[in-house]
Amino acid sequence: MKFKRIYIEITNYCNLTCDFCAKNNRPKRFMSLTQFQMISEQIRFYTDFIYLHVQGEPLLHPQIREILEIAHSNRLKVQLVTNGTLISQHMDVLKDARSIRQISVSLQSLLTIEYLNDPVKAIQLYEDIIQLSKHGIIIQLRYWIYNKQVFTKIMNDCLSYFGIDTDKLNSEKKRYSTQFPQIFFSLDEPFEWPSNPQIRSALGTCYGTRDMLGILSDGTLVPCCLDHQGVINLGNVFDTSFSVLLDNPLLNDIRSGFRDHRLIEPFCQSCGYRHRFDKKTVPLD
Numbered sequence: 040m041k042f043k044r045i046y047i048e049i050t051n052y053c054n055l056t057c058d059f060c061a062k063n064n065r066p067k068r069f070m071s072l073t074q075f076q077m078i079s080e081q082i083r084f085y086t087d088f089i090y091l092h093v094q095g096e097p098l099l100h101p102q103i104r105e106i107l108e109i110a111h112s113n114r115l116k117v118q119l120v121t122n123g124t125l126i127s128q129h130m131d132v133l134k135d136a137r138s139i140r141q142i143s144v145s146l147q148s149l150l151t152i153e154y155l156n157d158p159v160k161a162i163q164l165y166e167d168i169i170q171l172s173k174h175g176i177i178i179q180l181r182y183w184i185y186n187k188q189v190f191t192k193i194m195n196d197c198l199s200y201f202g203i204d205t206d207k208l209n210s211e212k213k214r215y216s217t218q219f220p221q222i223f224f225s226l227d228e229p230f231e232w233p234s235n236p237q238i239r240s241a242l243g244t245c246y247g248t249r250d251m252l253g254i255l256s257d258g259t260l261v262p263c264c265l266d267h268q269g270v271i272n273l274g275n276v277f278d279t280s281f282s283v284l285l286d287n288p289l290l291n292d293i294r295s296g297f298r299d300h301r302l303i304e305p306f307c308q309s310c311g312y313r314h315r316f317d318k319k320t321v322p323l324d
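Residue 123 in the numbering used here sits at position 84 of the sequence shown; the count goes up by one each step and never skips.
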């Protein structure tokens, strides 16, 4: 079995509290190097790509340099998901890292805290992003558009810096090239986090357990990156080997259900993100 990606939450600490991000009540922790090494050694046979993301800001991890090196030693390519506020102070780490394939930067987060309103900080970040792209790292600038939301001047200035005309953007197209070969802009619509009873349905599908899995900072294995609370607990990689956990009956039942267009877990039935894969729904009584 080969997964397209496995999400690893190296920390659930974050330096921001954005209102669009789901809140969790799990104890805050950093995954240790020993734990990350153990995970990497096991999952390298099941995927080529790891996303340092579920919740939390990965660049807060005090041993991020070592984590990126461990990933490289296990031939794992890293997709780093960040709110962008710590990129400038970690430039040496990011440029030296041999494992990073892509860095996704949340413009939504930066606009929420008005980070981009500071011209000095904004231009420094833009130049750092350009420098990272010149080191061969793919950069994805991510933004959610709400109800045909009009781009602000700050957003216009940001995208203009990378050669994008916001007047030519539309919500139907998800990805745009910039004037820099390794930098892209990703535009998408927001989604409903799981546990919304108003969107429950018994019919649907998802890539969770089939193309992806997630590992929380405490070692809990979950079916996808949206299960930020560990609602669907598939075991713990710190206690049981990854290969054994893949035989978990619940994991196999979820995967079989997705293949048959059935949602067997209440968590999945109330997840809005899955509608991106299949719009058909069957209301539950």
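Source of the hints: derived by calculation from the structure; they are not laboratory data. Keep in mind that the hints are not guaranteed to be accurate.
As the list claims (entries may be wrong) - Below, in silico cross-link-like pairs of lysine to aspartate or glutamate (DMTMM-like), each with a Cα-Cα straight-line distance of 20 Å or less:
id	residue 1	residue 2
1	K62	E231
2	K192	D204
3	K134	D157
4	K160	D206
5	K43	D58
6	K207	D196
7	K213	E228
8	K43	E105
9	K116	D87
10	K192	D250
11	K116	D286
12	K116	E105
13	K213	E166
14	K116	E166
15	K41	E105
16	K41	D204
17	K134	E153
18	K212	D227
19	K116	E80
Cross-check of the supplied hints:
1. K62 <-> E231: Given that 20 Å is the threshold and the Cα spacing comes to 13 Å, the pair holds.
2. K192 <-> D204: holds, 12 Å
3. K134 <-> D157: violated, 24 Å
4. K160 <-> D206: Cα-Cα ~25 Å, so violated.
5. K43 <-> D58: violated, 29 Å
6. K207 <-> D196: holds, 14 Å
7. K213 <-> E228: holds, 9 Å
8. K43 <-> E105: At roughly 24 Å apart (the allowed maximum being 20 Å), E105 and K43 break the hint.
9. K116 <-> D87: holds, 6 Å
10. K192 <-> D250: violated, 38 Å
11. K116 <-> D286: At roughly 25 Å apart (the allowed maximum being 20 Å), D286 and K116 break the hint.
12. K116 <-> E105: Since the Cα atoms of K116 and E105 sit roughly 14 Å apart, the hinted pair holds (cutoff 20 Å).
13. K213 <-> E166: Violated - the C-alpha atoms of E166 and K213 are around 24 Å apart, more than 20 Å.
14. K116 <-> E166: Violated. K116 to E166 sits at ~24 Å, over the 20 Å cutoff.
15. K41 <-> E105: violated, 26 Å
16. K41 <-> D204: With a Cα-Cα distance of about 39 Å, the restraint between K41 and D204 is violated, given a limit of 20 Å.
17. K134 <-> E153: Given that 20 Å is the threshold and the Cα spacing comes to 26 Å, the pair is violated.
18. K212 <-> D227: At roughly 8 Å apart (the allowed maximum being 20 Å), D227 and K212 satisfy the hint.
19. K116 <-> E80: holds, 13 Å
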